[in-house]
Amino acid sequence: MSARVPLPRWVDIALLPLLNVVLAFLIGGIVVVMVGQNPLEAVGIMLYGAFGYGSGFGYTLYYTTDFIFAGLAVSLAYHAGLFNIGPEGQAYVAGLGVILVALGLNGQPWLITVPAMIVAGALFGAGWAFIPGYLQAKRGSHIVITTILFNFIAVSMMGYIISKILKPANVGSDESAPIDAVSRVPQLRLFWDLFKNSPVNISFFLALIALVAVYWLIWHSKFGFAMRALGHNPTAARYAGISNAKVIMITMALAGALAGMVAVNNVGGVQGRLILNFVSGAGFVGVAVAFMGKGHPIGVALSALLFGALYQGGQELAFSMPGITREMIVTIQALVILFTGAMGDMLRPPLERIFGPRAQARAGDV
Amino acid sequence: MGYYTDLILILDSTVRLAIPLILACLAGLYSERAGIVDIGLEGKLLGSAFGAAATAAVTGSAWMGLFAGVGVALGMSAIHGIASINLKGNQTISGVALNFLAAGLTTFLGQSWFHRGGFTPQLSGDQRFGPITLPFAPELANVPVIGGLYSELISGHNILAYVAFIAVPVTAWVLFSTRFGLRLRAVGENPKALDTAGISVTLLRYQALIITAVLVGIGGTYLSIAQSAGFNNNMSAGRGYIALAALIFAKWKPWPALATCLLFGFLDALQFRLQGVQFPYIGEVPVQAIQVLPYLLTIILLAGFIGRAVAPKASGIPYTKER
Chain A
1446 MSARVPLPRW VDIALLPLLN VVLAFLIGGI VVVMVGQNPL EAVGIMLYGA
1496 FGYGSGFGYT LYYTTDFIFA GLAVSLAYHA GLFNIGPEGQ AYVAGLGVIL
1546 VALGLNGQPW LITVPAMIVA GALFGAGWAF IPGYLQAKRG SHIVITTILF
1596 NFIAVSMMGY IISKILKPAN VGSDESAPID AVSRVPQLRL FWDLFKNSPV
1646 NISFFLALIA LVAVYWLIWH SKFGFAMRAL GHNPTAARYA GISNAKVIMI
1696 TMALAGALAG MVAVNNVGGV QGRLILNFVS GAGFVGVAVA FMGKGHPIGV
1746 ALSALLFGAL YQGGQELAFS MPGITREMIV TIQALVILFT GAMGDMLRPP
1796 LERIFGPRAQ ARAGDV
Chain B
177 MGYYTDLILI LDSTVRLAIP LILACLAGLY SERAGIVDIG LEGKLLGSAF
227 GAAATAAVTG SAWMGLFAGV GVALGMSAIH GIASINLKGN QTISGVALNF
277 LAAGLTTFLG QSWFHRGGFT PQLSGDQRFG PITLPFAPEL ANVPVIGGLY
327 SELISGHNIL AYVAFIAVPV TAWVLFSTRF GLRLRAVGEN PKALDTAGIS
377 VTLLRYQALI ITAVLVGIGG TYLSIAQSAG FNNNMSAGRG YIALAALIFA
427 KWKPWPALAT CLLFGFLDAL QFRLQGVQFP YIGEVPVQAI QVLPYLLTII
477 LLAGFIGRAV APKASGIPYT KER
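Sequences listed follow chains A and B, in order.
Just so you know, this note's numbering puts the end of the first sequence at 1811, numbered straight through with nothing missing.
Just so you know, this note's numbering puts the end of the second sequence at 499, numbered straight through with nothing missing.
Isolated chain B (complex conformation) (with noise of 0.2 Å):
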């Protein structure tokens, strides 16, 4: 019994590290289907979770909080939008030039407005998402087996948690069901037959950039204001790479995408978990092989020695109607 509540522990931390790592992932995954590189989310992660903190702070709301994390997300999109969409500036640098913005920016107003080092006030209360108990939780706790997995593993999250996981079917469904799901991931492989098809590359690319504002925002609102009660510094540390990571260990598909970040977050949850554990011949497992293991994977997977990443074939690439 020890075991499996130790599991279900772990794998409820696990589910929560994953959340902001699945919303950012799925961001990704429509800008670059769009042909839309953006090494920027985790500069996106960063913006928000602090423009969400800040205004929950002010206003009390976490809703409002809510809806400055996606505002702010949106205005960091347009930036890489006008750069790389109208400009056909090069989307890396942009990407790259907003991570900067963004970890300069919230340390440097979050001193200028709270005076607290860069961190922002304690969240307490409607302030912060809390967690939502799904009916009959608390009856079925003590349930063998099933118990703990439902009230503890599925029940006792905020409701940002579900929507990640409501956004993988979500995204599955856009994608390969509609027409504009067809229109995105063409746009992303031959912008040029949408272009003569009399479809806007620019309008298409846009509206996924929006997708992915709204949903990395609320992946940094949940950073600050769901998981945390508050902002500080750089505290995205790397997510947002990571969720690039895990989109290319995914091949861009929804699903794996999800199974990805909960490998990921699983990988996070162990090695706090593992601090100090003696293991039998091995001894400690170093906290940094663990860390590493996100990283080195993918590293293996793009060199293609696991199966093949192809990206989208115009990912990167600025449209430019021929004249």
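Excised from the complex, chain A in its bound form (with noise of 0.2 Å):
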């Protein structure tokens, strides 16, 4: 393989996964056609049930949020050469904490048990990242086997928290007792009367600060710095004296507060109470939107939007033409995976061709 021929700025940062996710996107439309449904007016379908009204467009953002989070968890810790898979686990197990606290706090205002709340997740989120990111940094235990545990170990302990601990006596299924109206996550719907219906709450604001703070946490910090030195060649910053085995765990940690705050946002925003595998998935969905958006904020906060409105977008398209089920979106997440993670070269020798130092060279000749 000859070396990598540096391509423009715009053309590596925005052309070439704008062309990745074309090209997942049309894969999709294909199979799509393949089972004798038309892919734009499944397009159209999941546009305004994803923008054109304003329950709809709620519920978009609802998913967005929780994208953001889970997005943020993989690509804060990729950036330090860690590929976490454990989003899922890591929210579903801050969903205990977020509901010990609120259930502890019932019945106070939302203004002291929402900090108590976000507290609760990032520390439960953090302590369950944590301990992958101790095995990896102490052990040696590879992180990638090791989060994949872990979403697992979480679904059986928190199943059995849930159904034998939690769950209070007079409650047919297995879920916590409700926290009161007064005391959860307030949803914009109080203040706007746009989201008439829809689950966003002020969580949304929540990933919003996050996306910021992460940006300034991985470029213009310290930590950030050590972060990315490790990412790059951990030889070379154990060599500029930065300690790897630290920096592993406090990575870890906070990608495990950040897929904490998913269960701020459903926990306490959403259905006020812990029920059984209240993530669906929402911490996998953050691996898609992390190599999407690139591990950039900027990226993750595109891409969770694209993958907010697919989600609401999805369940509009499940009314609408009954031949396309909602998990057409995991194979279209499945499709972004794969051409902008694994295959994210592919299109780069082409590019190469058109737009690369040689070319302009040649343009100058001209």
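Please keep in mind that the hints were generated in silico from the structure rather than gathered at the bench.
Beta carbons: idealized from backbone N, C-alpha and C, even for Gly.
Don't take every hint at face value.
[What the hints assert, rightly or not] Derived pair list, reagent style DSS-like, types lysine-lysine, alpha-carbon separation capped at 25 Å:
#, chain 1, residue 1, chain 2, residue 2
1, A, Lys1667, A, Lys1691
2, B, Lys489, A, Lys1583
3, A, Lys1667, A, Lys1583
4, A, Lys1739, B, Lys264
5, A, Lys1667, A, Lys1739
6, A, Lys1691, A, Lys1583
7, A, Lys1583, B, Lys427
8, B, Lys497, B, Lys368
9, B, Lys427, B, Lys489
[Said to hold, decoys possible] Cβ pair distances, simulated, as ranges:
#, chain 1, residue 1, chain 2, residue 2, range
10, B, Leu379, A, Arg1584, 30 to 38 Å
11, B, Gly301, A, Leu1639, 57 to 65 Å
12, A, Pro1767, B, Ile342, 44 to 52 Å
13, B, Lys427, A, Ser1608, 34 to 42 Å
14, A, Ser1608, B, Leu446, 13 to 21 Å
15, A, Ser1618, B, Asn410, 14 to 22 Å
16, B, Lys427, A, Leu1639, 53 to 61 Å
17, A, Pro1767, B, Val461, 42 to 50 Å
18, A, Glu1486, B, Trp349, 50 to 58 Å
19, B, Trp431, A, Ile1557, 58 to 66 Å
20, A, Ala1658, B, Lys368, 41 to 49 Å
[To be verified] Rough simulated footprint, nothing fancy, chain A against chain B, three-plus residues with beta-carbon under 8 Å:
#, stretch
21, 263 to 276
22, 415 to 422
Hints given; two lone chains; assemble the complex.
Shown next as structure tokens:
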């Protein structure tokens, strides 16, 4: 393989990822055609479902909130060279922290409970992610495998805690006692009529703050420098006096704390109680969001919005076109991960031929 | 006698539950020994289970189902190969993508084709692999001790189950006693040495991926048309990941892989068996406590508290020829 030809910056950070996403959607479209449905009609319905009316848009923003947190949890760790596939479990365990604090302070106004829920969710999520971080840093276990295994352990552990410990005697289904309405994370429809019936809540603003904070952390803080140094070259980082073990453990804990905010959004703001498997895949969407967004907060925000629209639009689609189920969205998610993550450089050679220095030199000759 | 019958029954379901694990675990062994990490085992199991059930339902033949199951796994391996061998992409990401792809496509296509909420039609007769009764099994059934062992535990499985058990010694032989096996192990440890010796790293890795696909394809087929009578949503239910855990637990060796898969299968069988059973002093053991054991054991091993699991050295690293 020849050395990488440098491409103009806009091609590298905008055109190439965009083409990869387009490719993923094209193949998704072909699958839809194969089962005899019209993909353009599907896209139209999805766009209307996601942005066409107030409560649809509210749902889109609600999903986006989840995906921003999960996407940041994957991105942050990836900058330190750690592939965190665990946001699903980290968010699930964070739900325990959120519900414990919320039930403990039940009845207090939200100005008191919400900050407490955020702190508790962050701590529990961070704790659950810290263990794989510790195992990687001190014992050399591979982070990918341990975070996957920790997702499964979270499912079993939380299943036991919810159904055997938190479930009140008078409740039929496996869920905790409810949080009082005044103590929940306030939903935006209380302030804007536009979002009627939709669950988007002030966690959305928390997600926007997290985007800025992660940007600052990665590119403008000393710790972020250590993280990126570790991600690029662990040996060099060590010789520069950085304690790699410490950076790995702190990074994983921070990633877990970010994933934990998914629980604030869902447990505190939407369901108002802890239910079985409430994360329902949002953590895994974070993997797709992170790769599509190339680990940059702006990219994460845009791809989280895209996936939020896909999830909400997909619901709409399931009503309007019974031939297309919600699982088509999971397929698109897979194709996005494949083309922007694993096959991200497939289109690089043709682009190098068009935009590379040699092409530019030729243009200069003429 | 009651306890003995009980034991035989638990061991019998242990074997049944371990078979897809054994096949997936050996599948992973070939690709990881060749230096390719295969997180996508879960997706391949699921995809081939769907392919086998859908094909068996349409054609009415279990063998066509098997072909389709292996075919799906081969297709997914091809994607994995292009991404991780040719394009030198990240193997973990490619595997994760394959898992989502299988989860999404199987349900989506199942719903579009069969309109049963993601399930394939119920299969029966020739559409499934039925149990094979080994010679003398009925005659020996009433002989004490040996009878139960032979006619319940050893006889009465389907052909794919026997394939799984035969695959273990075959893998051990291929890996440690053939030239191909030596090269396979070498390409996972030091691909450059092989390249220097004039052997194609790419070709060897693709060969490993093909063997992986065949084995995991049989495993998926077993799930949907031998163990069950049709495909249902997400029926692999994490078995691919358990197989991966078993592979690590077995330190990438075939015989320990068999033992680990049987152990994990035993835990799975026990979990059904212990539901509602009261123990003295402990009370009822929660199902979740047993469910979590394979994962916990693997993590403890990975952390180096009981022995050390060291992966093949070049595992997960794309090979780039120098120019």
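Right, here's what the structure says about each hint:
Among the hinted pairs, Lys1667 of chain A with Lys1691 of chain A is consistent with the structure: their alpha-carbon atoms are about 14 Å apart, no more than 25 Å. At most 25 Å may separate the alpha-carbon atoms for a hinted pair to count; Lys489 of chain B and Lys1583 of chain A meet this at roughly 19 Å. Restraint check for Lys1667 of chain A and Lys1583 of chain A: satisfied, since their Cα atoms lie roughly 23 Å apart, inside the 25 Å limit. Of the pairs offered as hints, the one joining Lys1739 of chain A and Lys264 of chain B holds, with about 18 Å between alpha carbons and a cut-off of 25 Å not exceeded.
With a C-alpha separation of about 21 Å, the suggested pair Lys1667 of chain A and Lys1739 of chain A falls inside the 25 Å cut-off, and the hint holds. Taken as a hint, the Lys1691 of chain A and Lys1583 of chain A pair is honoured in the structure, with Cα atoms around 9 Å apart against an allowance of 25 Å. A distance of roughly 20 Å separates the Cα atoms of Lys1583 of chain A and Lys427 of chain B; the hinted pair therefore holds under the 25 Å criterion. Annotation: proposed proximity of Lys497 of chain B to Lys368 of chain B holds, straight-line Cα distance about 8 Å (limit 25 Å).
With a C-alpha separation of about 13 Å, the suggested pair Lys427 of chain B and Lys489 of chain B falls inside the 25 Å cut-off, and the hint holds. For the pair Leu379 of chain B and Arg1584 of chain A, the beta carbons lie near 36 Å from each other, so the given range of 30 to 38 Å is met. The hinted window of 57 to 65 Å between Gly301 of chain B and Leu1639 of chain A holds, with their beta carbons roughly 59 Å apart. Range check, Pro1767 of chain A to Ile342 of chain B: about 46 Å between beta-carbon atoms, so the 44 to 52 Å window is met.
Our hint of 34 to 42 Å for Lys427 of chain B and Ser1608 of chain A holds, since their Cβ atoms are close to 36 Å apart. At roughly 20 Å, the beta carbons of Ser1608 of chain A and Leu446 of chain B sit within the given window of 13 to 21 Å. The hinted range of 14 to 22 Å is satisfied by Ser1618 of chain A and Asn410 of chain B, whose Cβ atoms lie roughly 21 Å apart. One distance hint, 53 to 61 Å for the beta-carbon pair Lys427 of chain B and Leu1639 of chain A, holds here, with the actual separation near 59 Å.
Here the CB-CB span from Pro1767 of chain A to Val461 of chain B is close to 44 Å, well matched to the stated 42 to 50 Å. At roughly 56 Å, the beta-carbon separation of Glu1486 of chain A and Trp349 of chain B lies within the given 50 to 58 Å, and the hint holds. Taking the beta carbon of each, Trp431 of chain B and Ile1557 of chain A are about 60 Å apart, inside 58 to 66 Å as hinted. In this structure the hint that Ala1658 of chain A and Lys368 of chain B lie 41 to 49 Å apart at CB holds, the actual value being about 43 Å.
Given a C-beta distance limit of less than 8 Å, the hint that chain A covers the stretch 263 to 276 of chain B holds, as 13 residues qualify and 3 suffice. Figure legend: the stretch 415 to 422 of chain B, annotated as covered by chain A; annotation consistent (3 residues with Cβ-Cβ distances under 8 Å, at least 3 required).
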